[in-house]
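Work the whole structure out from these sequences, hints included.
There are 2 protein chains.
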Amino acid sequence: MSDELGQVFAALSDPTRRAMIEALLREGTTSVPRLTAELPITRQAVAKHLATLDHAGLVERAPAAGREVRYRLRDGALVPAGAWLAETEAAWDSRLARLKGAVERKR
Amino acid sequence: MSDELGQVFAALSDPTRRAMIEALLREGTTSVPRLTAELPITRQAVAKHLATLDHAGLVERAPAAGREVRYRLRDGALVPAGAWLAETEAAWDSRLARLKGAVERKR
DNA sequence: CCTTTCGACAACTTGATGGTTGTCAAAACA
DNA sequence: TGTTTTGACAACCATCAAGTTGTCGAAAGG
Numbered sequence: 001m002s003d004e005l006g007q008v009f010a011a012l013s014d015p016t017r018r019a020m021i022e023a024l025l026r027e028g029t030t031s032v033p034r035l036t037a038e039l040p041i042t043r044q045a046v047a048k049h050l051a052t053l054d055h056a057g058l059v060e061r062a063p064a065a066g067r068e069v070r071y072r073l074r075d076g077a078l079v080p081a082g083a084w085l086a087e088t089e090a091a092w093d094s095r096l097a098r099l100k101g102a103v104e105r106k107r
Numbered sequence: 001m002s003d004e005l006g007q008v009f010a011a012l013s014d015p016t017r018r019a020m021i022e023a024l025l026r027e028g029t030t031s032v033p034r035l036t037a038e039l040p041i042t043r044q045a046v047a048k049h050l051a052t053l054d055h056a057g058l059v060e061r062a063p064a065a066g067r068e069v070r071y072r073l074r075d076g077a078l079v080p081a082g083a084w085l086a087e088t089e090a091a092w093d094s095r096l097a098r099l100k101g102a103v104e105r106k107r
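Residue numbers (our numbering), protein chains in the order written: chain A, 1 to 107; chain B, 1 to 107.
Honestly, the hints are just simulated from the structure, not real lab data. Hints may contain errors.
Copies of the same chain are indistinguishable here, so a pair counts whether it falls within one copy or spans any two.
[Stated by the list, open to error] DMTMM-like mimics (lysine to aspartate or glutamate), calculated; alpha carbons at most 20 Å apart, straight line:
#	residue 1	residue 2
1	100	27
2	100	75
3	100	60
4	100	89
Now the structure itself:
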């Protein structure tokens, strides 16, 4: 469907995937076996989550030696989601502020 | 399960629900029939989406006259999600910047 | 008073999600 | 060489998500 924003938010909605992102933030780059050691799920489940993050564009495969497959964060991948949230939050707040102002003025 | 952040992100992952939020931003407050007129889905589907937004804490029921049920945005509801995204994005960027710096320094 | 509208449920279909087990070939290692 | 890891698939299961149709009673409107 190519709802990019939706895919990013969906990817972030799973706590396991957020944990993976946080691990990536800590460790810079990681791999399936590595994450499998940190998480209480199977290798296959980890691989699936990484594929989801990949499809959402949050993560990409990094060149690695041998058969190893490493993953790293994709530059700028969070920007659209962050921008949408920031804009929406701003509009949200200003609307509520205006409402509040109207109430104040009324009494 | 009570994964608040997850529920918010999940709520935002659906384009129909984002459209509802944007309508709410434009119109201040809305109702099931109103949204049904704007969207290509049934009254019942609209009600379900509103319930989802309600459970995620993004929206709340506003007092209304008669049998009408109006919905409005909940103050501060986006803050945790926005904060998580902003923090993560910052860590993300600084990590990438550091990496880039290391590469520059190396050659 | 009769008809329409609205909210609240319930049942159902279809498809996606998160997880599992199992298999296999290639690479790494003892 | 033989054993263990790793990645890549596939099948499967249970649950949830998005949407539908249908029903019902209460409120609004003619």
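Consistency of the hints with the structure:
1. 100 x 27: Close across copies (15 Å), not inside one copy (45 Å); limit 20 Å.
2. 100 x 75: between (40 Å within a copy, 11 Å between copies)
3. 100 x 60: between (45 Å within a copy, 16 Å between copies)
4. 100 x 89: Close inside one copy (16 Å), not across copies (32 Å); limit 20 Å.
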